[in-house]
Structure formats: structure tokens, C-alpha cells
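A.B. asks: Protein chains in written order, with my numbering: chain A, 82 to 360; chain B, 82 to 360; chain C, 23 to 348; chain D, 58 to 352; chain E, 58 to 352.
Hints were generated in silico from the structure; no laboratory data involved.
Check before you lean on any hint, since a few could be wrong.
[Said to hold, decoys possible] From chain D, some residues computed to sit far from chain B (all C-beta separations above 10 Å):
1) 155
2) 158
3) 169
4) 171
5) 183
6) 193
7) 288
8) 343
9) 348
[As the list claims (entries may be wrong)] Calculated cross-link-like contacts (lysine-lysine; reagent style DSS-like; alpha-carbon spacing at most 30 Å):
10) D:188 - D:200
11) D:200 - B:354
12) D:188 - B:357
Note that the coordinates shown come from a computational prediction; the quantities given were computed from them, not determined experimentally.
The C-beta atom is built at its ideal place from N, Cα and C for all residues, glycine as well.
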Amino acid sequence: MTDTLYVTGASVPDATPKPPRRRNRLTRKVPGGGLLIGAVVPVLLLGLWWLATDVTGTFSQVQLPAPQAVFSAGLGLFESGELFEHMAISLQRVLLGFAIGAVLGLALGALLGLSSIADGLLHPTVGAFRAVPSLAWVPLLLLWVGIDEDSKVILIAIGAFFPVFTAIHSALRHVDAQLVEAGRAFGFHGVRLLGTVQLPAVVPSVFSGLRLALAQAWLFLVAAELLASSEGLGFLLTESQNNGRTDRLLLAIVLLALLGKLTDTLLGLLERKALKTWA
Amino acid sequence: MTDTLYVTGASVPDATPKPPRRRNRLTRKVPGGGLLIGAVVPVLLLGLWWLATDVTGTFSQVQLPAPQAVFSAGLGLFESGELFEHMAISLQRVLLGFAIGAVLGLALGALLGLSSIADGLLHPTVGAFRAVPSLAWVPLLLLWVGIDEDSKVILIAIGAFFPVFTAIHSALRHVDAQLVEAGRAFGFHGVRLLGTVQLPAVVPSVFSGLRLALAQAWLFLVAAELLASSEGLGFLLTESQNNGRTDRLLLAIVLLALLGKLTDTLLGLLERKALKTWA
Amino acid sequence: GSDGGEDEQLETLNIDFATYNPLSLIILENGWLEEELEELDVDVKWVQSQGSNVANENLRAENIHVGSTAGSAALLNRAVGADTHTIMIENQPEWSALVINEDSDIESVEDLEGASIAATPATDPYFFMARSLQEAGLSVDDVEIQALQHADGRQALANGDVDAWAGLDPIMAGAEADGAELLYRNVDFNTYSVVNATGDFVENHPDIAQIVVNVYEQAREWATENPEGTAEILAEYAGIEPEIAEAVITERTNFDIDPVPGDDVYAAMEAAGPFFVENGDVDSQDDVDEALESLFHPEFAENREATDAEGTEDAADEADIEETEE
Amino acid sequence: MISPASTLTEDDVTAPGAATGSSAPASGSGAASTGRPGYTSLDVRLDGVGRSFGEHTVLRDVSLTVAPGEVLAILGSSGCGKSTLLRAVGGLDTGSTGQILIDGSPVQRYDERTAVGFQEPRLLPWRSIYKNVSLGLPRSLSKAEGRERVDELLELVGLRDRASLRPREISGGMAQRASLARALARRPGVLLLDEPFGALDALTRLKMQDLLLDLHAQTGTTVLLVTHDVDEALQLADRVLLLGRNPQDPAAAEGATIARLLEVPGTRPRDRASAELAALRGELFSGLGVDSHTH
Amino acid sequence: MISPASTLTEDDVTAPGAATGSSAPASGSGAASTGRPGYTSLDVRLDGVGRSFGEHTVLRDVSLTVAPGEVLAILGSSGCGKSTLLRAVGGLDTGSTGQILIDGSPVQRYDERTAVGFQEPRLLPWRSIYKNVSLGLPRSLSKAEGRERVDELLELVGLRDRASLRPREISGGMAQRASLARALARRPGVLLLDEPFGALDALTRLKMQDLLLDLHAQTGTTVLLVTHDVDEALQLADRVLLLGRNPQDPAAAEGATIARLLEVPGTRPRDRASAELAALRGELFSGLGVDSHTH
Ligand SMILES: Nc1ncnc2c1ncn2[C@@H]1O[C@H](COP(=O)(O)OP(=O)(O)OP(=O)(O)O)[C@@H](O)[C@H]1O
Ligand SMILES: Nc1ncnc2c1ncn2[C@@H]1O[C@H](COP(=O)(O)OP(=O)(O)OP(=O)(O)O)[C@@H](O)[C@H]1O
Ligand SMILES: [Mg+2]
Ligand SMILES: [Mg+2]
């Protein structure tokens with residue numbers, strides 16, 4: 082019992098305190114609830130699509146095929162094994178290009194974000210290159226690298242490079258100055274300071290940059306597969322568009338969106354883990 | 082004079098303290114020094130280009146024209162007045178699309194970054210749409226919007242939307258929780274809290290997103306001008322690529338890079354001003 | 023990409039295939055070229071061309087030695103400075119026409135005055151449209167041209183965004199199947215499907231160029247005898263319905279021509295030339311004339327001798343198509 | 058007696074007057090507000106309040122009633138749960154158990170009837186000191202009134218000539234004063250202050266204490282004040298709450314609770330030399346584990 | 058006497074022993090190090106040090122020599138420039154004028170011979186307390202030695218059972234102790250502490266003071282200690298520096314300088330009741346502008 086001298090209205094109940102309430106609205110109510118809720122809008126859109134094509138017939142088959150048509154186009158390609166090949170090669174290109182671009186973006190972004198000399202020297206050039214459209218790289222790469230796998234991966238790497246570069250570059254300039262000073266005061270500088278204070282502090286920004294870069298890598302894939310390819314979702318997209326196969330075109334779009342979303346989700350998991358460690 | 086009791090080795094010189102040293106290496110030595118230094122690398126690249134074409138002749142005229150050829154191609158188009166038209170219409174499209182996309186990205190990013198309900202509901206869908214490549218939008222927009230100016234601006238807005246969305250969305254999730262709590266404790270919530278604490282705290286991230294979005298707007302311009310255009314730098318690019326006019330192609334690339342860099346620099350000035358106010 | 027060495031033995035022949043060049047598909051499908059080049063110890067690498075512009079680009083960058091284009095595109099490429107030569111004619115297609123919607127009240131090319139037309143600049147359909155207009159006493163300035171990629175042009179037509187479309191097969195065949203109508207067709211306004219080679223290749227590896235032409239000859243003979251088989255292969259490579267492929271092959275493709283680039287194709291190209299200058303794609307008519315004079319290398323086609331390669335069942339799966347690493 | 062209009066700058070080294078003479082209401086009852094009309098004094102009732110973080114129980118069984126207008130000082134060893142308790146009363150913490158009533162109704166999330174002076178200054182780095190203090194103003198105030206109040210407070214905490222600076226341009230003690238001014242600007246029913254004077258020198262500390270008492274006399278607000286300074290607690294508070302584990306019962310459950318709850322006799326300003334205060338002082342120091350003779 | 062191995066938790070309410078008995082060297086001369094062999098004591102020489110922010114002069118004409126192994130307490134009103142002075146000595150500030158020599162050579166940017174305990178805890182939010190303290194370890198230490206030292210320090214500052222928590226999961230006072238431990242882990246030639254005990258309760262504060270003196274006795278490091286507590290200054294320091302404007306000369310230039318520099322007689326632990334100390338106390342309080350009789 083408490084040892085108060087002048088207790089005023091203090092009643093001390095015996096009951097042990099209840100465990101703390103957990104407040105995870107929404108997602109914790111149902112197992113997998115988060116997934117379900119995220120599916121609401123896509124399902125609605127699918128329904129709309131179906132209504133607009135198969136039911137009301139607002140659009141003709143070639144303008145906008147019904148969802149089933151897209152599905153059966155996919156089934157056809159799946160059965161011939163082509164679908165898997167398209168997806169596999171595209172995935173490989175995107176992942177490779179993304180990895181290369183992200184690593185370079187991190188390195189150059191860190192360098193320019195930390196060294197004002199390097200920044201003054203290189204930032205204008207990087208900024209100008211950032212403004213070269215993906216489609217404009219195609220003829221240049223064709224000329225300089227040729228039409229093999231390299232040029233495709235390079236193009237995707239270019240796409241992935243800039244978001245990562247911009248994110249880390251700008252985030253590094255806004256790391257809490259007090260923490261950086263503390264790090265320096267304890268004898269950290271250069272790479273050690275970067276690894277100890279600055280990089281961890283910008284982890285959220287870097288991941289936002291990485292996710293944009295991954296999305297951009299998928300965007301650049303289509304341009305990359307204009308570079309003399311005969312496989313890949315980007316190729317499927319361009320070819321179907323050229324041949325007027327709107328069902329396959331939509332299939333390619335849907336698959337690109339799905340694969341993009343899938344890789345993004347995986348990156349998101351990594352992000353969550355990193356944020357647990359760093360933020 | 083000081084009123085010390087046990088002064089130890091205290092000498093008090095009369096001289097008034099010198100004004101504090103200013104430490105702005107590099108850029109402050111020469112007026113316009115920052116610009117000059119930023120020009121070093123581009124000038125080097127230009128020299129390399131000139132060497133590879135005009136001097137050593139490693140590349141043929143149609144493979145990679147010399148800088149002078151590009152310049153004279155530009156001059157030709159300039160004299161006919163076409164060049165200005167191409168640039169003006171492209172600039173207009175990019176700025177309009179960027180403005181629309183950025184505003185929507187800010188709004189939706191803020192909504193999803195703050196409301197976990199909206200986030201659970203919409204984020205997966207947004208993520209999937211982000212993965213649709215720019216070129217894939219072309220047939221879809223053609224179908225839904227037609228081939229007028231709207232569809233081009235919409236495509237550019239789509240491109241500008243995602244970087245802004247991602248940047249603000251992820252930054253909002255990492256605003257200093259102590260400051261947010263302080264804001265709430267003083268009766269701020271919803272839009273007022275957003276404007277008072279959260280938005281200012283994410284200004285650096287938002288600007289990094291805006292700059293990426295602007296770059297992306299220029300990237301999407303080329304895809305947008307595949308949509309039934311007869312003017313614009315993207316049109317010039319595609320047409321020149323198709324026709325094998327490598328000099329004009331390079332001209333278009335250089336102009337896109339220059340205009341991209343120019344608009345980025347203007348945005349950078351705005352950023353600096355905003356950061357002075359907010360960070 | 024380039025292998026500029028002059029007396030060097032060619033290790034790999036880079037050659038394109040394209041859905042607008044059905045013979046290339048037949049050769050690829052049967053593995054004839056690999057077979058014929060085996061004894062010379064030359065490998066074959068196949069690269070797909072999505073369109074004449076892509077083939078031209080790859081020829082300019084010397085990423086391919088042999089590439090197939092429309093005749094007008096071959097001329098344009100040389101006129102802008104590319105060192106390429108037309109070595110043979112693949113077929114005389116009727117791949118371009120002016121297309122309108124079923125319910126359109128446009129009845130003749132003359133009615134197109136003031137109309138909006140979707141076309142892809144610098145392609146055969148574009149020149150087809152320009153010549154058709156000219157023939158009807160109009161010029162491209164009398165209509166509103168919407169620059170669109172081929173497939174997008176069809177879409178724009180279907181949406182009613184444009185009044186007519188300068189169409190290209192096989193998209194055009196698909197549109198027809200969906201009810202679109204051909205307003206005007208004229209096989210002579212199409213500028214042939216031709217096969218080109220880089221100057222370097224023609225000069226330094228004439229033996230291999232000859233073999234390529236010979237294999238093409240074998241394919242031409244096979245295609246003439248097997249239109250159904252050809253349509254089947256086209257349908258597979260182009261990813262289109264078999265009926266549409268059949269229509270394209272039987273109705274709008276003519277393999278029964280003289281492969282030697284000669285007067286007919288010269289005339290067709292000559293007619294397209296002025297439009298390059300009018301559009302500003304080429305700076306002067308002199309450039310076009312000069313290009314046309316030096317474009318043809320007819321000797322290979324003149325000396326052609328159909329090969330008798332046997333081919334293999336799964337040649338296409340074995341073939342070195344650009345990215346499949348085997 | 059320090060008048061509200063007297064100024065203080067960091068270089069001001071003149072001696073202060075005696076502390077404000079207003080007396081607080083007696084505790085132990087729902088005493089009526091002593092504030093001027095227009096201001097509200099609210100009572101705070103804690104009923105079996107507890108808090109655990111995961112396995113680790115920090116607070117348990119805290120039950121007491123704070124009368125309207127009362128000043129309650131909270132003492133306790135570092136990390137014993139003082140801030141946690143304050144946060145629970147302000148509605149900043151959703152994880153606590155038991156019941157907290159302000160003015161008879163349960164405390165809301167971020168309860169508008171309270172204002173918090175955090176242990177850290179928590180100033181918005183991108184706002185000037187002036188604008189940071191303005192954040193604390195109640196929504197109902199007109200712009201002119203608000204400006205007047207902020208100006209007055211900045212003057213009182215000695216920051217008038219620093220009003221336009223950013224938080225990173227002022228010293229630690231100045232930031233703490235700005236944070237105090239922000240909480241005071243609110244004039245809430247319940248004022249929750251977490252070590253508001255910790256980073257201040259002796260003179261400034263006295264002035265700030267006077268300022269708090271002045272404002273309390275004016276508005277009659279209820280004050281919960283966390284402090285480490287026993288003398289400060291005895292000077293300012295009507296009652297002193299000592300949080301801690303029960304020393305008589307080492308086997309008691311983990312988590313701090315009310316170890317002592319002492320009523321401080323006399324009216325403010327209190328005579329530091331009084332025997333009664335000395336006894337309380339000893340009591341509190343020994344409750345904190347310190348031999349008071351060394352002080 | 059508190060032994061280095063004695064532990065302290067936030068619930069620990071037993072009374073502490075007397076403070077450590079080691080005596081510091083006499084000031085006023087380049088006294089030899091009293092530290093154990095292997096540790097360095099460095100002297101600090103300030104020569105006409107000044108600092109202005111834009112128009113606003115904060116410090117001027119600060120000249121003094123701190124002997125190796127000396128403990129110098131720095132007092133002054135809030136915002137007078139104490140932190141600014143400390144930062145200048147640590148090489149954290151590039152804007153100051155005049156000369157600062159450590160061990161005869163000019164202070165470097167982020168001088169490795171110093172360690173700073175900042176006024177704010179400045180812990181890296183993504184690192185555990187253990188890892189935050191490890192940041193302070195000198196680079197030369199082996200991993201095992203480092204682990205041992207951090208463990209020992211965490212034990213001494215009473216955070217051993219919180220070693221794995223993140224900064225946001227500990228209380229303000231705990232964060233301050235972690236920050237102190239980080240600075241102590243360095244065992245530098247010159248230790249710069251900015252109000253290291255400000256957020257601590259009386260008992261914890263005594264223990265931390267003892268810890269500091271213990272470490273000082275062991276290593277003989279030179280200590281510059283900013284504090285607001287006059288008694289603390291008199292207990293810990295060999296000399297006390299009072300920063301402020303010259304009260305005799307109100308027309309003197311803007312900016313604080315040495316207002317008093319007092320030698321504290323006797324060896325530690327000092328008797329708080331001694332008349333000599335009482336006189337110094339009065340002197341310092343009046344220098345701070347406070348009538349010491351109210352204390
Ligand atoms: N970056 C800066 N820009 C402008 N003024 C500054 C800056 N840093 C400090 N100052 C000013 O310098 C003065 C001294 O600050 P300093 O932090 O040294 O005070 P202090 O003595 O440590 O005070 P406290 O006891 O409150 O911590 C203050 O008036 C402050 O406004
Ligand atoms: N978010 C959290 N997660 C885990 N533990 C926490 C968290 N917040 C506080 N604690 C724990 O709760 C205890 C009490 O913290 P609190 O801040 O209330 O202490 P305090 O009494 O204010 O101490 P101080 O005087 O040092 O500020 C501490 O032991 C701390 O470790
Ligand atoms: Mg606390
Ligand atoms: Mg300070």
C-alpha cells in the first residue's frame with residue numbers, strides 16, 4: 082500500500098492493470114484485411130470495365146476488349162509458354178537495370194550530396210541528362226552499345242538512376258544538423274559519418290526514391306524493348322499495338338502493372354524492415 | 082574592464098573582434114563561379130563529341146553528326162520559325178501537365194499519407210497504375226480522351242503525378258512524431274495540422290519529388306507527342322528518328338535537355354526560397 | 023555495333039526479320055540461312071524490325087548487315103546520308119490504302135479536302151496518301167494530317183477522331199474485318215518491300231550477300247507454292263488471327279515479281295522522293311536524286327540461284343534471335 | 058512582486074522582487090475557482106491509472122484528485138513515469154489504463170482543456186519564436202488579441218528581442234522559455250508543465266516561477282508541474298506528489314505509484330526558512346533517496 | 058564513496074554515500090596531470106575569444122587558461138553564451154575570433170582531443186542506447202575493450218537494463234544520462250559538458266556527479282562544465298567562471314565576457330556548510346543577480 086502522508090481522494094484498487102490496448106484499426110480486424118481492402122477499388126474498376134464492354138457494349142472489341150477477352154488472350158499465350166518467357170525476360174531486365182541504376186544513383190547522390198565541390202562540378206550535367214527522355218536514349222544506345230541485352234539493361238538503369246539520385250541527394254542536404262554535428266564531434270567523417278549518421282537519417286527518403294526508381298525501371302522497360310527485342314512484356318505491348326491486338330495490349334499493360342506492383346510490394350517489405358532498423 | 086577576482090592568464094586586448102569569417106568555398110571566389118564550374122563537364126563532353134565526329138571521324142555523319150551539324154540544323158529550323166513553335170508548344174504542354182499532376186499528387190499523397198483508411202483503400206491501386214508505362218497510356222488515352230491537346234496534357238500530368246505522390250506520401254509517414262504530437266496537443270488537426278506541421282516538415286522531400294516530377298513530365302512529353310501531334314520537341318524527336326535525321330534528333334535531345342534543365346533550375350530557385358522559409 | 027574490318031572474315035551475319043517481310047519469317051522458321059552459312063563458318067543473328075524506321079536505324083548504326091524496309095524508306099535512309107544499298111525486292115505488297123469508317127459519307131479521294139487524316143510520317147502509307155491526294159488534285163496542305171503511329175491511327179479512326187486513315191497491314195486488314203472500308207487502293211502507289219544491306223557489307227562480303235539473296239529466292243519459291251503455310255507463319259509471328267493473315271498473304275502480297283531492283287521500283291521510289299523535300303525531311307531534291315542513282319546493287323539479285331537448304335523442324339527455336347542466349 | 062509588464066533579457070542581472078503573493082485554494086475539496094471571471098479552473102481526477110510498455114510496467118494504481126485551481130508538483134526519480142503521467146492527463150497517451158476525468162468528463166485525445174509544456178522544447182524549426190509561441194493561442198482569440206498576448210508573453214519570458222529568430226538560433230534556455238510561453242498562451246483549464254525551468258539559471262528561474270504564479274493568480278488555472286527541484290516544488294505547489302516504488306514493500310508490483318502526497322502549508326510566497334517547510338523538504342529528499350543534510 | 062561498479066536504476070531510492078574523495082590539482086599553473094598513466098590531461102588556453110552572430114555580439118574578450126586536469130565550472134544567465142564558448146573550445150564553431158589552444162596547439166575543427174556532452178541529448182533515434190553510447194568510444198579501442206567500457210558506463214549511469222531501447226523509448230533524464238555516458242566513453246584530454254545533470258532528480262544527480270568525479274580522478278582529464286546550479290559548481294569545480302556583462306560598466310560593449318573567475322578552496326568532497334564556500338556562493342548568486350538569502 083502507498084505510504085502517503087496526506088492522501089487526498091486516493092483510492093488504490095487491487096486489480097492488476099489491464100494489458101495496454103492495441104490500436105491497429107482496420108487491418109487487424111480481419112486476417113489479411115489489409116489485402117482485402119486494397120482489392121476493393123481494383124475490383125470495382127474491373128466491374129466497370131466489364132460493364133462498359135461486355136454488358137453495355139459502349140466500346141467495341143478492338144477499342145476496348147472485355148476483361149474475359151484479355152484473360153483468354155493471356156491464357157492462349159500462357160498455354161504456348163510464351164507468356165512466361167515474356168514475363169521472365171522482362172523481370173530479369175528490370176531487376177538487373179534497377180539494381181545497377183540504384184547502386185549508381187546511391188553512390189553519385191551520396192557523393193554530390195556530401196561534397197559541394199563534386200556538386201558544383203557535376204550537378205548541372207546530371208540535371209541535363211535527367212531531362213533526356215527515355216525514348217531519346219533509344220537511338221543513342223543503339224548507336225553506342227548496339228542492340229544486345231546490354232543496351233536494354235543500360236536504358237533501364239538510366240531510368241532507375243535518377244529517382245534514387247535525386248532522393249538521396251536532396252535528403253542528404255536536410256539531415257538534422259545537430260545529429261551530423263554530434264557525429265563529427267565524435268570523430269566521424271567521410272564514409273564513416275555517412276554510414277553512421279547521414280545514410281540512416283535519409284533511409285525513408287531513399288526508399289521513396291527506390292520505389293520510384295523501380296516504377297521508372299518498368300516504365301523504361303517498354304522503351305528498352307523497342308531496342309530490337311523479340312521477347313518481353315514491352316515487346317508484347319509494342320507488337321500488339323502495332324498489330325492492333327488490343328486484347329494482348331491490355332494484357333501486357335495489366336501484366337506490367339501486376340509485376341510492377343509485385344516488385345514494389347517486395348521492396349515495400351524491405352522498406353518496412355529497414356525502417357524498423359533505422360527509423 | 083572585467084571584474085575578476087582571481088584572474089588567471091586573462092589578457093584583454095583592446096581590438097574589437099573581427100567580423101566572423103564567411104565560409105563559402107568555391108562559388109564565392111569568382112562572381113558567377115558556380116555557373117562556370119557547372120559548365121566544365123558539359124564543355125568537356127562537347128569537346129569529346131567534337132573529337133569523336135569532326136576530328137577523328139569515328140562516327141559517320143548519319144550515325145552521330147558533329148556538334149556544328151546539330152547547330153546548323155537548329156539554325157535552319159530557327160530561321161523557318163519552326164523551332165520556336167516546337168519549343169513553345171512543348172513547354173506549354175509540360176508546364177500545364179506538370180501543374181495538374183503535381184497538384185493532384187500533392188492532394189492524393191497528403192490524403193493517403195495522413196489517412197490510413199484512404200491508404201489501405203487506394204494505395205494498392207495507385208501502385209498498380211504507377212507501373213503502367215507511359216507508352217501504354219497512349220492507346221488508352223486515345224480511346225478515352227481522343228487526340229486533342231487534352232490527351233497530351235493528361236499523359237504528362239500522369240507522369241508528373243507519381244513522383245510527387247510518392248515523395249509526399251512517404252515523407253508524411255516520417256515527420257518527427259514529437260512535433261506532430263505538439264501540434265495536436267495545441268489543438269491542430271486535419272488540414273490545419275497538415276499546413277502547420279506536416280507540410281512544412283516535408284518541404285524538402287516534396288521539392289525533391291517536384292523536381293523528379295518535372296523531369297518526368299519532360300520524359301512523358303515525348304510519349305504524349307506520339308498522340309497525333311504535328312508540333313513539339315517530342316514530335317521533332319520521333320519524326321527525326323523515323324526519318325534518320327540524326328542531326329535534328331540530337332537537336333531535339335539537346336533542346337529537351339536544355340529546357341528540362343532550365344525549368345528545373347527555376348524550380349530549384351523556388352525550392353531554395355521555400356527552404357529558407359520552411360527549413 | 024560495327025565490324026568495320028575490311029578483309030576480316032565475317033563471324034556473324036546480323037540480319038533482320040519483320041512481319042512486313044514474310045519471306046524473312048519463312049527463312050527464320052526453316053533455318054535455311056544458318057544451314058547455308060554453316061560451311062563458311064558464319065553464324066546468323068536475327069533481329070526483329072518493328073517497322074522500316076527501326077530497320078533503317080539499325081542499318082545506320084551498323085547493328086545489322088541486312089535489313090528490310092519499304093522502298094520509300096530505303097530511299098529516304100540513303101537520302102539523309104546512310105550508306106545503304108537495296109540488293110533485292112522481296113515482294114510487291116499492297117500494304118497501304120486509305121481507310122474510312124463504314125458509315126462515312128466520304129466517297130472519293132476528292133471528298134477528303136479539309137478532312138483530317140491520320141498517318142505516320144515518313145512511312146509508306148504516308149507517301150501513299152500524299153500521292154493519292156496529288157492524283158486527285160489535292161495536296162497534303164488541303165487536309166489536316168494527324169501524326170499518329172499506325173495502330174493509334176486505326177484507333178483514332180474507329181473513335182471518329184479522324185475522317186480517314188492512311189492504313190497499313192496487318193492492322194488495316196484487322197480494321198477491315200471490323201467493318202472499316204478501303205476508300206482508295208492503288209498497288210502502284212506502294213513502293214515495294216525491299217531488302218537492303220550496308221555499304222560495308224556489300225563491299226567486303228559479297229559472297230555472303232549473294233547467299234542471303236539465294237536463300238531469299240528459295241523462300242520466294244516456297245511462298246509462291248505455299249500461300250497457306252506462309253499465312254500460318256505470318257499469323258504466328260504477327261500474333262494476328264489466321265484469317266487476317268491469309269487475307270494479307272493471298273490478296274495483298276505478290277511474290278510473283280522480279281526480285282532485281284529495276285525500273286518498276288525505281289519509278290515508285292522516284293515518285294515518293296519529292297515528298298521528302300516537301301516535308302523537310304531531306305534538304306534538297308539533289309540529295310534525293312543522288313541517293314536514288316546510287317541506291318541499287320542489283321548484281322546479287324541478277325545472279326541469284328535458289329538454294330536447296332533442307333531446314334529443320336525447330337529451327338526458329340534454335341535460331342539466335344537477338345536476345346535468346348543459347 | 059514582479060509585474061506582468063516587467064521585462065527580462067539574458068543580460069539582465071538585477072535582483073528580482075519577491076514572488077507573487079496570491080494564495081492558492083486549499084486542497085482536498087472541489088474548491089471554487091480563484092481565477093478572474095472568464096477563466097476556467099477544472100479539477101482532475103485520476104482513478105487507478107496505470108501504464109505499461111510491453112512487459113515493462115511504468116505506472117500503476119495512481120489515484121488522486123486535483124482540485125480546480127490547485128498547483129500540484131510531481132517529483133520522482135528519473136525515468137519513474139512523471140512524463141508518462143502528465144501525458145496521460147493531457148490525452149497524449151492512449152495506452153494507459155484506469156480512468157482520468159477532467160471536470161467530471163473523461164479526458165479526450167489531445168484534450169483541448171489542457172495545454173502541455175513538453176520536457177523538450179519541441180519548437181517548429183521553420184517558424185520564428187514569435188510564430189512558435191502563437192501556436193499556443195486558443196482558436197477563439199481574435200488576431201489582435203492573440204498578437205497582444207504573444208507580445209506580452211515574449212516580453213515576460215525575456216525573448217522580445219529574439220522574437221524573429223528561428224529555434225536553432227537561440228540557446229537551450231531560451232527555447233525552454235519559448236516553449237513555456239507557448240503553453241501559457243493557451244490559458245487552459247489544466248496546465249501541464251514538464252520540467253519547465255530545468256535549463257534556466259537561478260535568476261531566470263526565479264523570474265519564470267514568478268511569471269507562472271502571476272498567471273496562475275490571474276487565471277486560476279489548475280497546474281500539474283513536473284520538477285526535479287524540491288525547493289521549487291515547495292515554493293510553488295499546494296501539494297507535492299512523489300512518484301516512486303513503495304520503499305516499505307520492495308516486493309510490491311513493478312511500476313511507480315504514489316509514494317508520498319504532501320500538502321504544503323502556508324501561502325505563497327513561502328518562507329524558505331520555516332521549520333514546517335524544512336520538515337517537508339527532508340521528507341521529500343529522503344523519499345527521493347537523498348540524505349537531506351548534505352543539502 | 059560510490060564505486061564504479063555500483064548500479065543505479067530509476068527505482069533505486071537508497072541514499073548515496075559521500076562523493077568521491079579525489080582532489081583536483083590547484084589551478085593557476087600548468088599543473089601536472091593527476092591521471093593514471095596512459096591518460097592525458099591537456100591544458101586549454103583562450104586568448105581574446107569572441108563570437109558574434111551577424112550584428113549581435115554574444116561573447117567578447119574571453120581570455121583564460123585552464124590547467125591540465127582542472128575542473129572549470131561555467132555559470133551565467135540563460136543565453137549569455139556558455140554553450141557558444143564550449144562549442145568554440147570543442148572546435149564545433151568556426152565563427153569565433155581570437156585564439157584557442159589545446160595543449161599548446163590551436164584547436165582543430167571537431168578537435169579529437171575533446172569530447173562534448175551536448176545540452177540536448179542528440180542521440181541517434183535509430184540506434185539503441187547501447188549503440189549510441191558506443192559512438193563515443195575512441196577509434197583506437199579494441200572491440201572487446203569497447204564493449205566492456207560501454208557496459209560499465211551504462212551500469213554506472215543506471216541504463217544497463219535499457220541498453221537495447223531506442224532513444225524515443227526512454228525518459229528525458231535517461232537520454233541525458235546516455236548522452237553523458239557517450240561523452241565519458243571517449244576519455245578525452247578535454248571533456249566539455251553542457252548542463253549534463255539538468256534533467257535529473259536529486260539522487261540521480263548526486264550519483265552522476267560522483268561518477269564524473271570518479272572518472273576525473275581516474276583519468277585526470279580536464280573538464281569544462283556548464284551548469285546552472287551554483288552548489289554543483291562549488292562542489293565539483295576547481296574554479297568557477299561566471300560569464301556576463303560587466304555590471305560595473307553598463308556602457309561596456311555588448312557581449313558577455315568573464316564577469317568573475319573564482320577559485321574554489323579545499324579538496325573534494327567539500328563541506329557545504331563551510332563559511333568560505335558560503336561566501337563564494339553569495340558572490341556567485343549576486344553575480345547571477347539573485348539575492349542569495351532567499352536560497
Ligand atoms: N546560430 C545562431 N544564430 C544566431 N544567434 C545565435 C546562434 N546560436 C546562438 N545564438 C545566440 O547566441 C546567444 C548565446 O547562446 P548560447 O547557446 O551560447 O547560450 P547559453 O549561455 O548556452 O544559454 P542557455 O543557458 O540558455 O543554454 C543567444 O543569445 C543566441 O540567441
Ligand atoms: N515509447 C516507450 N516505449 C517503451 N518504454 C517507454 C516509452 N516511453 C517511456 N518509456 C519508459 O517509461 C519509463 C518512464 O518514462 P518517463 O518519460 O515517464 O519518465 P520521467 O519520470 O519523465 O523521467 P525523467 O525525469 O527522466 O524525464 C521509462 O523507464 C521509459 O523507459
Ligand atoms: Mg520526463
Ligand atoms: Mg546553452
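A.B. asks: None of the hints should be skipped; say for each whether it holds.
C.D. replies: These are the hints, each one checked on the structure:
1. 155: Per Cβ check, residue 155 (chain D) is outside 10 Å of chain B; nearest 21 Å; holds.
2. 158: Residue 158 (chain D) is indeed farther than 10 Å from all Cβ atoms of chain B, at 19 Å.
3. 169: 6 Å, violated
4. 171: 8 Å, violated
5. 183: Contrary to the label, residue 183 (chain D) does not stay out of reach of chain B, its closest Cβ about 4 Å off (not over 10 Å).
6. 193: 6 Å, violated
7. 288: 27 Å, holds
8. 343: Per Cβ check, residue 343 (chain D) is outside 10 Å of chain B; nearest 35 Å; holds.
9. 348: 32 Å, holds
10. D:188 - D:200: 13 Å, holds
11. D:200 - B:354: Judged against 30 Å, a Cα distance of about 27 Å means the pair holds.
12. D:188 - B:357: Cα-Cα ~16 Å, so holds.
Checked against the numbered hints given earlier, the structure breaks hints 3, 4, 5, 6 and satisfies all the rest.
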